[in-house]
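Construct the entire structure; sequences and hints are all you get.
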Amino acid sequence: MKLEESEGHDGAKTSNRKRTASESPRDGSPTDRKKSKNGEKDKTDVKGGIHKAKHSSCKQSQKPLQEPKITSSENLNVAHVETKAVDEDASPSPGNKDTGLCKVIESDERKGIKLELQEIDLFGPIEHSDTERSENKSKKSVDSKKDYKHKDKPKGSQRGKHLTDEKHLEKKMCQRSANSSESNSKRKKSKDSSEKDFTPTGDVKKENIKEKTRNDKVKKERSSKDKKPISEKKRKKEPDGQVESNKKMKKDAEMNGKNLKSTRTEEDDCKWKWWEEDNANNGKKWSTLEHKGPFFPPEYEPLPSNVCFVYNGKSIKLSLAAEEVATFYAKMLDHEYTTKSVFQENFFNDWREEMTEEEREQINKLSKCDFSHMAKYFLEKTEEKKAMTKEQKQVLKEENNRLTEEYGFCLLDGHKEKIGNFRVEPPGLFRGRGEHPKMGKLKKRILPEDITINCSKDSKIPEAPKGHRWRKVQHDDTVTWLASWVENVQGNLKYIMLNPSSKLKGEKDWQKYEVARKLKLKVETIRRLYREDWKNREMKIRQRGVALYFIDKLALRAGNEKEEGETADTVGCCSLRVEHITLHEEKGGQEFVVEFDFLGKDSIRYYNEVPVESRVFRNLKLFMENKDPEDDLFDRINTIYLNKHLNQSMPGLTAKVFRTFNASTTLQDQLNKLTTADMTLEEKLLSYNRANRAVAILCNHQRAAPKTFEKSMQNMLDKIAQKQQQLDVAKMELKEAKKEHKKAGTERTRKLVEKKEAAVKRLEEQLKKLQLQMTDREENKVIALGTSKLNYLDPRISVAWCKKFNVPIEKIYNKTQRDKFAWAIDMTEEDFQF
DNA sequence: AGCCCGACTTGGGTCGAGGACA
DNA sequence: TGTCCTCGACCCAAGTCGGGCT
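Okay, so the first sequence: first residue is 1 according to the UniProt record's numbering, each after it adds one.
Don't read these hints as lab results, they were simulated from the structure. Accuracy of the hints is not assured; some may be wrong.
Said to hold, decoys possible - Subject to a maximum C-alpha distance of 30 Å in a straight line, what follows is the list of computed DSS-like cross-link-like pairs (lysine-lysine):
| id | residue 1 | residue 2 |
| --- | --- | --- |
| 1 | Lys-711 | Lys-385 |
| 2 | Lys-292 | Lys-472 |
| 3 | Lys-443 | Lys-314 |
| 4 | Lys-331 | Lys-397 |
| 5 | Lys-644 | Lys-627 |
| 6 | Lys-562 | Lys-656 |
| 7 | Lys-522 | Lys-803 |
| 8 | Lys-520 | Lys-803 |
| 9 | Lys-443 | Lys-397 |
| 10 | Lys-512 | Lys-494 |
| 11 | Lys-381 | Lys-393 |
| 12 | Lys-418 | Lys-385 |
| 13 | Lys-711 | Lys-815 |
| 14 | Lys-365 | Lys-438 |
| 15 | Lys-522 | Lys-601 |
| 16 | Lys-365 | Lys-317 |
| 17 | Lys-444 | Lys-418 |
| 18 | Lys-285 | Lys-656 |
| 19 | Lys-376 | Lys-397 |
| 20 | Lys-719 | Lys-707 |
| 21 | Lys-460 | Lys-418 |
Right, here's the structure in full:
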């Protein structure tokens with residue numbers, strides 16, 4: 001079949017990256033990527049004979065940059081898509097049903113530990129699954145796996161409830177649409193109305209609250225016995241500062257004329273239950289906002305005279321500015337990156353700029369610089385700090401608390417809210433991630449004159465530090481930040497914003513999950529459509545279809561274009577290059593395998609071998625035809641185009657929603673599969689962590705194995721061995737006791753048997769608990785659970801699971817997480833399904 | 001329409017407080 | 001009581017995405 005070359009595109013050689021200023025199209029340098037991507041200006045390209053930029057560093061970039069952590073083959077062994085390749089002529093979904101079972105299996109032969117996550121049975125037709133590759137012991141890979149499996153409608157009451165929720169949501173959405181009484185086209189255009197559709201305020205919110213109230217009685221009854229001890233425990237654990245701050249908050253709010261439920265004494269009740277309020281925000285983020293401004297790091301403290309910088313064997317007293325920058329380097333001496341030439345070069349250039357003319361003349365080579373005296377001095381200072389007495393540490397802590405109390409909170413609409421980062425970033429050396437071209441550059445000290453303050457007009461404007469003034473004071477209620485400045489290394493804006501526990505953040509989070517839940521209702525249609533796109537005559541549409549398939553199936557990030565030379569060379573879906581995938585007609589007994597190997601966000605390696613449907617496979621071949629390795633795989637599309645398309649399928653839908661949707665769906669499904677009521681608490685927790693882990697694997701959330709990992713594993717093994725020994729002894733004693741009882745048959749011997757039995761049972765339980773803990777830790781070695789828990793998993797799923805299986809919420813969410821998800825903890829009933 | 005930039009979310013690393021344990 | 005280890009708070013880089021300007 002001949003494909004239509006959309007709008008005369010010359011194909012193949014467009015790069016997906018933004019050009020740096022020096023490469024602007026005007027001076028005859030490569031055509032702007034975006035133009036090419038959209039196929040609009042490609043003719044110009046061809047006519048003008050403009051040569052496309054090549055990426056010289058591509059091959060190099062394939063190499064994992066954080067080797068100790070991402071050598072997938074050593075650490076992870078997961079996630080394979082077991083998609084049964086469907087004949088491309090077979091009718092597309094839903095007729096095309098992959099029927100392969102999906103399993104997440106992780107094994108570690110060395111420790112003899114084997115984890116098997118149960119067959120995944122997602123609500124939707126998509127499945128994320130993982131298969132063991134035990135034959136391949138020497139090369140375990142970090143592969144995310146997911147599988148499509150078109151299932152019949154989920155059964156049972158859950159589905160019923162699900163539908164009720166969905167219908168309800170849909171109804172609310174419809175109502176909103178009707179209320180806005182605008183034509184569809186207008187709605188599409190109007191961002192406001194589409195946003196409203198998903199804002200969990202207004203009707204949806206009210207309904208949630210109604211539902212909550214309905215269940216309140218039951219809830220109270222159920223939780224009363226648990227709740228008391230928890231809140232008591234909480235009170236006990238809460239640092240005094242917190243109690244104080246709550247008191248102050250109450251006072252502040254009262255002073256602002258707001259009604260706090262003043263008669264309540266429980267500190268929980270002091271918290272602002274914004275989710276119970278019905279506020280129409282019409283684009284406004286706040287009505288009143290008052291704060292103290294950011295807190296600045298201390299002035300530079302000059303080194304004592306006995307600590308010197310040595311150049312070429314000669315001690316030199318540096319000027320204050322040059323000395324300060326030198327200390328940044330000295331403090332980093334033991335880090336690997338000070339050995340990198342890019343780092344050294346950037347540092348040296350920036351450092352020289354801080355030097356006096358005289359110093360510049362004198363100091364010409366970094367290799368002749370000796371920072372070791374300075375480094376030693378800082379090491380000693382650290383030791384000194386460590387060795388401080390309890391009292392000294394207490395003083396420091398109190399000072400810190402005082403600062404937090406003073407600068408760490410703001411007053412938003414009369415409520416005291418915690419600020420996320422109230423400190424201005426201190427000066428230092430920039431350390432990007434991966435092979436960042438700007439690593440080592442000087443991050444300059446931020447002065448009040450650099451800072452824009454945002455607060456309400458009638459509030460008390462924060463005072464700039466003595467002798468200084470703010471760059472600007474503004475009163476923009478459409479944004480959520482309190483202060484901002486431009487950072488000098490990349491020219492990015494930096495913000496002071498609220499803590500995740502705040503209303504502004506919480507509401508947005510809630511909204512995010514509502515959009516993801518809405519996607520659940522549409523995803524089948526969207527999948528059907530993108531599968532149809534695979535057969536489209538137009539190349540652009542085909543690329544869109546395949547890219548969406550990857551985003552959906554593999555939870556890839558969208559992949560915005562980046563400025564070449566400005567950041568590390570990392571990619572996402574749309575910016576994948578030919579060199580990032582390898583096609584295998586057959587691999588490991590599977591047909592049509594696509595091998596992904598690229599550096600994603602934060603230069604974390606993504607490696608995955610994925611069997612795909614034959615039509616996808618053939619399309620990929622087509623996209624790669626006549627291209628060089630460094631050319632874009634999807635050269636006709638970009639994230640803007642993709643998101644515009646998605647937004648047409650469902651207002652509010654963007655590429656990243658798929659990640660949230662698939663993550664939460666996976667969690668829900670895994671929890672349903674892995675938990676049973678008769679499990680012990682530890683078993684339930686292991687199940688939860690395994691479900692969480694399946695999501696982390698899907699999203700490729702990796703971490704470096706903790707430095708103390710091997711040691712702590714050994715400790716646990718020792719403990720287990722010890723416990724086993726104790727158990728063996730106890731069993732022997734029980735046997736003896738039974739023997740004796742058989743002989744004597746007295747009350748005393750009977751009691752002894754009972755006692756010994758109890759001891760054996762207790763030890764068995766303890767042993768099992770230890771073993772479970774160890775399994776959990778082992779499985780978590782290189783997987784970061786936190787990211788998905790904080791950003792991708794609808795907390796209501798976890799809360800409902802806790803309620804359903806009587807797991808204390810503290811077991812899965814720590815204090816910070818409970819604060820962030822307070823809305824979900826408060827409103828969710830045990831029958832909630834994502 | 002295309003591009004740039006502002007606003008906000010997502011992300012892993014670091015480090016020290018404090019709990020566990022000898 | 002001292003030491004070790006874990007985990008949470010914090011840090012700040014690096015993404016996504018939308019809006020507004022040209």
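### Query
So which of the earlier hints does this model not fit?
none
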